[in-house]
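Enquirer: First to last, the sequence lines map onto chains A and B.
Read in order, the letters of the first sequence are residues 1 to 187 in the numbering used here.
Read in order, the letters of the second sequence are residues 1 to 198 in the numbering used here.
Everything labelled a hint here was simulated from the structure, so no lab data went into it.
Glycine included, every Cβ here is placed at the ideal spot set by N, Cα and C.
Any given hint could turn out to be false.
[Unchecked claim] Computed far set for chain A versus chain B, every beta-carbon distance over 12 Å:
hint : residue
1    : Q102
2    : T146
3    : P154
[What the hints assert, rightly or not] Covered stretches of chain A, as calculated for chain B (at least 3 residues, CB under 8 Å):
hint : segment
4    : 3 to 17
5    : 62 to 72
6    : 172 to 181
[What the hints assert, rightly or not] To list a few chain A residues with every Cβ distance to chain B over 12 Å, as calculated:
hint : residue
7    : I47
8    : V77
9    : K89
10   : R96
11   : Q120
12   : V122
13   : D123
14   : S134
15   : T148
16   : L149
17   : V151
18   : E185
19   : T186
Listed here are the chains, written in short residue letters.
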Amino acid sequence: AADKIRLIPQDFFAELCEQIIQHLNHKIPGVNTAELCQRIQTSGVDINIGDLAKVANTLSFLFSTAARNNLSTEELVTTLGSGISTLPKHAVQVIRHVWNEQGKAIAVSEDAGNTATVGQFVDMKWKLGVAMSSDTCRSLKYPYVTVTLTVADPSGQITDKSFEMTIPQFKNFFSQFKEMASVLETV
Amino acid sequence: MAALRDGDFAALQILLKAPSKDAVRQLCQECFCSPPAALGPLAQRACPGLAVSAEEAEQLVSALHNLTRHVVFRGLTRAEDILCLFPENFHQNLKNLLTKIILENISAWRNEAQASQISLPRLVDMDWRVDIKTSSDSIVRMAVPTCLLQLKIQEDAALCGNNPVVSALTVELSKETLDTMLEGLGRIRDQLSAVANK
């Protein structure tokens, strides 16, 4: 991951570390790698989302291990160990700074929310549409519902998943959710 | 997109050599369902039954494909509209037979066209389970109800051909997130009612 870290400009790297710390602190549901990657690419740096995700995972592991072991800033830097010579200077500076400011505050979590082994639901966006025409039917008038679910996967990366439903499917979807909610109430 | 060409109706008259009305019916259905790329092999299979040359079989199959798809595209549902498509000198009985076959199949064909149009991935299945989290490595004792939802999503059928790719998305929802979701879904339902009433 060290050579990928080299590619990331300092301010984006700092932002990534911030998001990771906030995620570990349960202030945000996850790290928005896709959005960050797009901004980095727009600034002219050629990095792909897979590489950025790997960097995020590595840093997340580093910070969470350090939190669990209650490491001080100097101890953290020592842990980076031999890796330190391959990391660009600005990266080590950022890690040191971020840890100094916020590292101690990462509470060893007392809240039941982080026993995540599956993705955590973050948000849902929807759209109701009518397909008017297509290459197979000039006059379609076919209604459908499009849903985009934003999910934070167990490692904290946020991804979107979009899909379509017919109206009968949507009605079933809705009634299943009402069922789930009522079971959650009574359980 | 199927557009009827001049040579198509001439080619359709090759159907006069078909052994039976059922054979014509069968061929119509196969020609509608087949994507343009598969028309070649279909023609080869149809050849022996019709006792025509390979070239004539290809022209026929292509013409039938164009005719059936054209009718579905235009949304024609009445016999008069379909009969109008044929030129004046077209064989009467064959014209009536083809119109009859098309009318028999038109609504099934239209449904198929709707189902196979391009779209975002589709939801094919949904399973859920409500659990109670009783303990974890950080908390010894708790009783937190949580919901696990698994959505099976199939990629665009048109892109995958006969091997649709289905991916599973497993998500955990707490009571709060579930309520958010329900609120959103309720709004969709309200919109649907509003649109339906227009």
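Enquirer: Are the hints correct? Go through all of them and say.
Expert: Hints and how they fare:
Every CB of chain B lies more than 12 Å from the CB of Q102/A, the least distance being 20 Å, so the non-interface label holds. With a least beta-carbon separation of about 6 Å from chain B, T146/A fails to lie farther than 12 Å from that chain, contradicting its non-interface assignment. Some Cβ of chain B comes within 12 Å of the Cβ of P154/A; the nearest lies about 10 Å off, and the non-interface call is violated. With a cut-off of 8 Å between beta carbons, the segment 3 to 17 of chain A has 0 residues touching chain B; three or more are needed, and the interface restraint is violated.
Beta-carbon proximity to chain B at under 8 Å applies to 0 residues in the segment 62 to 72 of chain A; the threshold of 3 is not reached and the given coverage is violated. Beta-carbon proximity to chain B at under 8 Å applies to 8 residues in the segment 172 to 181 of chain A; the threshold of 3 is reached and the given coverage holds. Residue placement check: I47/A keeps its beta carbon more than 12 Å from all beta carbons of chain B (closest about 26 Å). Non-interface status of V77/A relative to chain B is upheld: no Cβ of that chain comes within 12 Å, the nearest being about 27 Å off.
Every beta carbon of chain B lies more than 12 Å from that of K89/A, the smallest distance being close to 36 Å; the non-interface claim holds. Chain B leaves R96/A outside its interface by the beta-carbon criterion, the shortest separation being 28 Å against a cut-off of 12 Å. Its beta-carbon lying about 6 Å from the closest one in chain B, Q120/A breaks the requirement of being farther than 12 Å from that chain. With a least CB separation of 8 Å from chain B, V122/A falls inside the 12 Å interface cut-off, contrary to its annotation.
Not every CB of chain B is more than 12 Å from the CB of D123/A (nearest about 8 Å), against its label as outside the interface. Not every CB of chain B is more than 12 Å from the CB of S134/A (nearest about 5 Å), against its label as outside the interface. A beta-carbon of chain B is positioned within 12 Å of the beta-carbon of T148/A; the least distance is around 9 Å. The claim that L149/A lies off the interface is violated: its Cβ sits roughly 7 Å from the closest Cβ of chain B, which falls inside the 12 Å cut-off.
Non-interface call for V151/A relative to chain B: violated, since the shortest CB-CB distance, roughly 6 Å, does not exceed 12 Å. The claim that E185/A lies off the interface is violated: its Cβ sits roughly 8 Å from the closest Cβ of chain B, which falls inside the 12 Å cut-off. The beta carbon of T186/A sits about 9 Å from the closest Cβ of chain B, which is not more than 12 Å, so the claim that it is off the interface is violated.
Violated hints for the displayed structure, listed by number in ascending order: 2, 3, 4, 5, 11, 12, 13, 14, 15, 16, 17, 18, 19.
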